[in-house]
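Asker: From first to last, the protein sequence lines stand for chains A and B. My numbering puts the first residue of the first sequence at 1, with every later residue one more than the last. My numbering puts the first residue of the second sequence at 1, with every later residue one more than the last.
Since the hints were made in silico from the structure, they are not lab data. Any given hint could be a false lead.
Listed below are the simulated BS3-like cross-link pairs for lysine-lysine, each with C-alpha atoms no more than 25 Å apart in a straight line [as the list claims (entries may be wrong)]: (1) A:K26 to A:K99; (2) A:K97 to B:K188; (3) A:K133 to B:K219.
It should be emphasised that the depicted structure is a prediction, and the values quoted were computed from it without experimental measurement.
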Amino acid sequence: MDFSFLNQPAFSGGGVYLDWVISGIKWTLLVSVLGWIIAFSVGSALGVLRTTPLAWLRVPATIYVETFRNVPLLVQMFIWYFVVPEIVPQAAGDWLKTKMPMPEFWNAVLCLGFYTASRVAEQVRAGIQSIPKGQTSAALAMGLTLPQTYRHVLLPISYRIIIPPMTTEFLTIFKNSSVALTIGVLELTAQARQISEYTFRTFEIFTIATVVYALITLTVTFSMRWLENRTRIPGTIGGAGK
Amino acid sequence: MFTGFDFEVIQRSLPYLWQGMQFSLGLTLLAMLGGIFLGTLLALMRLAPYKLLSYPAGAYVNLVRSIPLILVIFWFYFLIPLAMKKLTGNPYASGIGPFYSALIAFTMFEAAYYCEIIRAGIQSVPRGQASAAYALGLDYRQATTLVILPQAFRNMIPILLTTSIILFQDTSLVYVVGLTDFMGAAGKIARRDGRLVEMYLFAALVYFIICYSGSYFVKRLQARYNVGR
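Produce the complete structure using the sequences and hints provided.
Answerer: Structural data, given as structure tokens:
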């Protein structure tokens, strides 16, 4: 193991190879976090829609979830990057192809966000459905409207229940962000491969990438466990408090 | 929107796409069998009362589960030729070919995920079953293979199959090392003929049909298994 190559001047970009690693970590985090914001908001909305008693809201949400879940992420990545600009109206397509800033990055964010949204939706739905029916009935009987029932009764409980599976989903989008390298985003895995090609220090650089991924995963897991404890409803058992 | 959509390119390339699909299906099936086998061993190790067995298994599973599949594929593409040189003592030993490299990478990666499912499955078998097996005079191997695992696997079949459907989707990632699976075949034709829209949408449709029918089948199976519980 010889890590001195990290201080050698990089092949391009003016810095040293360590700068490439740091920039890779930065892009991995940016893609994951921005993608997660989309996934969380769209997924929550879809999850709520899938539990409403209204079929015309449920059916489109179900179609969305089934479509995005059953097509591989790589295929979706290529569709966002190569296909969408061709099938949208001409003007929009031209903008996407020529004027869009950082097209690889934003397409990766959108793709990961909307893909993960389908998985988040399933967790939100499961969380809401795990709440006893009596809670909904009681809320409606007290005169709350259906949106109010979701806002004040169902969602506050279910978000607490689903913290552990949501942590898994965030870690999934974090790991899946490496798929963005297929459309040219230089995130951590891509940088690791690139550095190995320029320096032949494959073992060292892959080890660094592995350690960074593992450390971020550990950090996220522990902070979510803390959050789970903090938000636990008093009187419930909860998994993390043991 | 679909003006100039060329269906003929799909029809023309069907035999080539089928070759790719055979690669994807073969890789999925073999990695699934290997992954479940290794995953079972890992799960038994993790549940063993000896730290010498449970710690390394736990470390392996947690490490693999915290890094991206693409990085795992890169790792094995780098490590397998090195290992071959060490094992054969021949400094010019070549690898074992791209298919087997991919197969090993996927098997080792999926084993970590299958391990956690199988561990939960084993733990869901009531403790009394093991005690009863030992009381009848069975040893550890007999109790595990004849009493515990058959019951555990019966509970796990739906989730193992669901994981395998995800594995089938993940095999498309062999793209990163340039192998020609179904997606790779579609991509090659797409670039050669300049028909990206047709080929990628067709690939998406095929994956959707296979995975959707797969998960529908699993749902049916689950409903049948749940009867009487």
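Asker: Now look at each hint and say whether the structure bears it out.
Answerer: Against the structure, the hints come out as follows:
Taking the CA atoms of K26 of chain A and K99 of chain A, the gap is about 24 Å. The hint holds against a cut of 25 Å. Taking the CA atoms of K97 of chain A and K188 of chain B, the gap is about 21 Å. The hint holds against a cut of 25 Å. As the CA atoms of K133 of chain A and K219 of chain B are separated by approximately 24 Å, the hinted pair is consistent with the 25 Å bound.
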